[in-house]
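Participant: Sequence:
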Amino acid sequence: MTERQGKSRPKGKVKKTTRKSLENVAVYYLGRYDAPARHLKRILMRRVDKSARVHEIDRDEAETWV
Numbered sequence: 001m002t003e004r005q006g007k008s009r010p011k012g013k014v015k016k017t018t019r020k021s022l023e024n025v026a027v028y029y030l031g032r033y034d035a036p037a038r039h040l041k042r043i044l045m046r047r048v049d050k051s052a053r054v055h056e057i058d059r060d061e062a063e064t065w066v
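Using our numbering, you'd call the opening residue of the sequence shown number 1 and step up by one each time.
Some hints could be false.
Claimed, not checked - Each computed BS3-like pair below joins lysine-lysine, with the alpha-carbon atoms no more than 27 Å apart:
id: 1; residue 1: Lys-50; residue 2: Lys-16
id: 2; residue 1: Lys-50; residue 2: Lys-20
id: 3; residue 1: Lys-41; residue 2: Lys-15
id: 4; residue 1: Lys-41; residue 2: Lys-11
id: 5; residue 1: Lys-41; residue 2: Lys-13
id: 6; residue 1: Lys-41; residue 2: Lys-16
id: 7; residue 1: Lys-20; residue 2: Lys-41
id: 8; residue 1: Lys-50; residue 2: Lys-13
id: 9; residue 1: Lys-15; residue 2: Lys-50
Source of the hints: derived by calculation from the structure; they are not laboratory data.
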């Protein structure tokens, strides 16, 4: 069995979050999982936070999209 020591998988680009992209993520996620609203909000906010670190987006405005 091969083990990867100290190596993480390559990370892709962080896409800019938009209202439409969050809607698409939510629809896809709920299609796959039966998740409560608070869990979905946590997933979407994690995506907003990641995007806000890389792109110039207003986190407070994006939070209203969630």
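Participant: Hint by hint, note whether the structure agrees.
Facilitator: Status of each hint after checking the structure:
| no. | hint | in the structure |
| --- | --- | --- |
| 1 | Lys-50 - Lys-16 | holds, 9 Å |
| 2 | Lys-50 - Lys-20 | holds, 17 Å |
| 3 | Lys-41 - Lys-15 | holds, 18 Å |
| 4 | Lys-41 - Lys-11 | holds, 23 Å |
| 5 | Lys-41 - Lys-13 | holds, 22 Å |
| 6 | Lys-41 - Lys-16 | holds, 18 Å |
| 7 | Lys-20 - Lys-41 | holds, 15 Å |
| 8 | Lys-50 - Lys-13 | holds, 11 Å |
| 9 | Lys-15 - Lys-50 | holds, 9 Å |
The structure shown violates none of the earlier numbered hints.
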